[in-house]
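S.K.: Keeping their order, the protein sequence lines are chains A and B.
Using our numbering, read the first sequence as starting at 1 and increasing by one per residue.
Using our numbering, read the second sequence as starting at 1001 and increasing by one per residue.
Keep in mind that a hint or two might mislead.
[Unchecked claim] Once the Cα atoms are required to be at most 27 Å apart in a straight line, the calculated DSSO-like pairs of lysine-lysine come out as:
1) B/Lys1217 <-> A/Lys148
2) B/Lys1148 <-> A/Lys148
3) B/Lys1148 <-> A/Lys251
4) A/Lys178 <-> B/Lys1178
5) A/Lys178 <-> B/Lys1148
6) A/Lys385 <-> A/Lys332
7) A/Lys180 <-> B/Lys1180
8) B/Lys1180 <-> A/Lys178
9) B/Lys1178 <-> A/Lys148
10) A/Lys330 <-> A/Lys217
11) A/Lys65 <-> B/Lys1065
12) B/Lys1148 <-> A/Lys180
13) B/Lys1251 <-> A/Lys148
14) B/Lys1389 <-> B/Lys1325
[Stated by the list, open to error] Label-pair distances were calculated between CB atoms; the ranges are:
15) B/His1155 <-> A/Glu386: 25 to 35 Å
16) A/Thr55 <-> B/Asp1242: 45 to 55 Å
17) B/Thr1080 <-> A/Gln233: 20 to 30 Å
18) A/Gln233 <-> B/Asp1174: 31 to 41 Å
19) A/Glu134 <-> B/Asn1229: 21 to 31 Å
20) A/Gly160 <-> B/Pro1323: 55 to 65 Å
21) A/Glu255 <-> B/Asp1272: 38 to 48 Å
22) A/Gly177 <-> B/Asn1318: 42 to 52 Å
23) A/Gly177 <-> B/Asp1272: 25 to 35 Å
24) A/Glu386 <-> B/Asp1174: 31 to 41 Å
25) A/Gly214 <-> B/Glu1134: 54 to 64 Å
26) B/Leu1360 <-> A/Gln233: 46 to 56 Å
27) A/Gly160 <-> B/Glu1134: 13 to 23 Å
Don't read these hints as lab results, they were simulated from the structure.
Virtual Cβ for every residue (Gly too), placed ideally from N, Cα, C.
Number of protein chains: 2
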Amino acid sequence: MKRTITVILTLAALITANSALAQGQGGQRLTPQLMAQLFPQGVKSPEYNSDGSVTFRCQAADAQKVELECQMFSGNRPMTRNERGVWEITVTPDQPDIYPYCFVIDGTQVADPNNMFIFPNEGFKYSLADVRGEAPSMQDMQQVPHGKVSYRYYHSKQLGFDRPLCVYTPAGYDPAGKEKLPVLYLIHGMTDTYETWFKVGRVNIIMDNLIAQGLAKRMIIVMPYANPNPEIQARGLNIPQDIMGTDVFCKEITEEVIPFIESNYNVLTKADNRAIAGFSLGGRQTLACGFGNPDKFHYVCAYAPAIFGNEYETNFQNGTYAPIKDLQKKLKLMWLGTGSDDFLIQASRGLDSYLTEQGLKHTFYNPGGGHTWMNCRDYIELTAKELFK
Amino acid sequence: MKRTITVILTLAALITANSALAQGQGGQRLTPQLMAQLFPQGVKSPEYNSDGSVTFRCQAADAQKVELECQMFSGNRPMTRNERGVWEITVTPDQPDIYPYCFVIDGTQVADPNNMFIFPNEGFKYSLADVRGEAPSMQDMQQVPHGKVSYRYYHSKQLGFDRPLCVYTPAGYDPAGKEKLPVLYLIHGMTDTYETWFKVGRVNIIMDNLIAQGLAKRMIIVMPYANPNPEIQARGLNIPQDIMGTDVFCKEITEEVIPFIESNYNVLTKADNRAIAGFSLGGRQTLACGFGNPDKFHYVCAYAPAIFGNEYETNFQNGTYAPIKDLQKKLKLMWLGTGSDDFLIQASRGLDSYLTEQGLKHTFYNPGGGHTWMNCRDYIELTAKELFK
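Please work from the sequences and hints to get the whole structure.
M.R.: Spelled out as structure tokens, the structure:
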């Protein structure tokens, strides 16, 4: 019931004004009329219409201009204002999916206040429009056994403080049972958080559905928080890192996260049962950790990795990545996926060519689409089917 | 790395412009200079200063007026604009705590885009300023064994779809061990979600610390989602409910949530080991479920419950609540907490007097403060110490 201070003041005024309520006379109960007074209906947004369109609404009485910025389409679309100061637009996506969006009110990006589904991020606040199709897709919750996502904390010795991560365990996971599970370490993108693969990537729902249909192996998925810097700064610590913090992150994964998972979960602990995957900056970290530690990870999946130019070549040459021969011998899967409209596609094409030249067996998946979580959900669905088989 | 479309366009432009990068010539690697170009530093907000003050910053170049609305103080405070269009204010709270806040840009409330800590809610988007004191408090993460919070899904037969909830299990909880735990069912306020007691109430951190210090019994805490209406509407279902949905919610707790928990967790299943607590609308639901089912709950804790006038008297008279005699006989704890500045204080005072008159032993905790989560964290800390003893 803690809404805005405005609402509380309205409530307080109403209650003070109404002596029957304030003084407890007459046993007055809540009526629909009183409810409507006490809790004025907010605007409904987004509203999913039966024809597949979506109506977005934004209360901004004083604004000069409100636009919808939505990954259903490129460019912003103007919203129109009604007499109550509610701005509205109805749009129809090409296909059902989960689309990040925000309102742009006089030039400022604003999450939809009436939508509880938020894109976890350090640098922006988008909302999520969940446009469902006639038939449920792999990312829609279906009536199948559900795994769970647990928020846990481990102590990082290298950083000196406790850190959060999310862990997906499939339905029926038994911490003391005979079944030991393989583990996928799954990394978010720059400015994302350890929650983004769960809340935006829907990895738990996708896995529940894939497992229920027999399309993926049962596995545990670990989603660490790749960016320790907010907490490092809050504590005033000085921890040297390379440009993108890849060195600290790889150490974090191999020396802190893996031991935590392997001592707290009923898992298989050989490289054949360990995968690493990540999006964007997480894709860069995946290549660094995966290609850098072929004794630890036998499955490496990079989704639109943030590599620049032919940096991969340099990384092989200077020993950041293991020699190609090692990878040839050890990797069970090297999977690269980047959309044709992704601003990082050039480097992915370069990496694909380089690996082909060097004779490292790999998959290069190059669908349409850009640097988006719509694509990411596609990537994780496809790769999950190939892991640990 | 998926930031805003603006940033992606900037990146794309930079990459296109830079032929060395785009064409992969010369093995160019990321340098700090290139990093600064590619990822321009966003504004830092909030910034926690060493003197205990906090600086909030908001980039809104086109705005006429930007204010800080923060539960550190009442009323909004004007922010000032620098030459780069960044609005700023530095404030010092009376005491360290976790304060909800937002920016008001030309009249519209906006969450802080640069702060990853969000107040989960259906009707507004606040951010959280975590102002820490010299010594860690009960709501600060300390180096103690940490429990976990799991996001789970159960099938609701009455509603016909799968529903989410959060479950806190203390460190060392063993699903197959000899130790069976008592259970607290903990309900959020109106427009809050099943995440709010976790993300804003910090109940897991508070419990970790209380348990580590031997101040609270080990227990499982279940945080259901009291509002099924968004999903009911998305599915176009028609499910009759009373004015505040209390009837459907109580049925949900007693017939759906409790059986799910008791068949999936290693818990004690007698009323002596079951507690219910809730804030605001959740306090109303707590009274309805708790006073309505003394055979199921022997601990009832209402935090600023949303009862109006002397509704409680009516509820006893019309049988929504069990007879006082039943409660006298069965309840181990009846705890009511409401701040003196809470807009619901009148009804709490009335309930306190009524229970005193009727001879039902109870605690009425009436500190300062209003209808806030600063108070809520205080309430849960105090009551957790008294549960199951």
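S.K.: Please flag the earlier hints that this structure goes against, numbers listed from lowest up.
M.R.: 16
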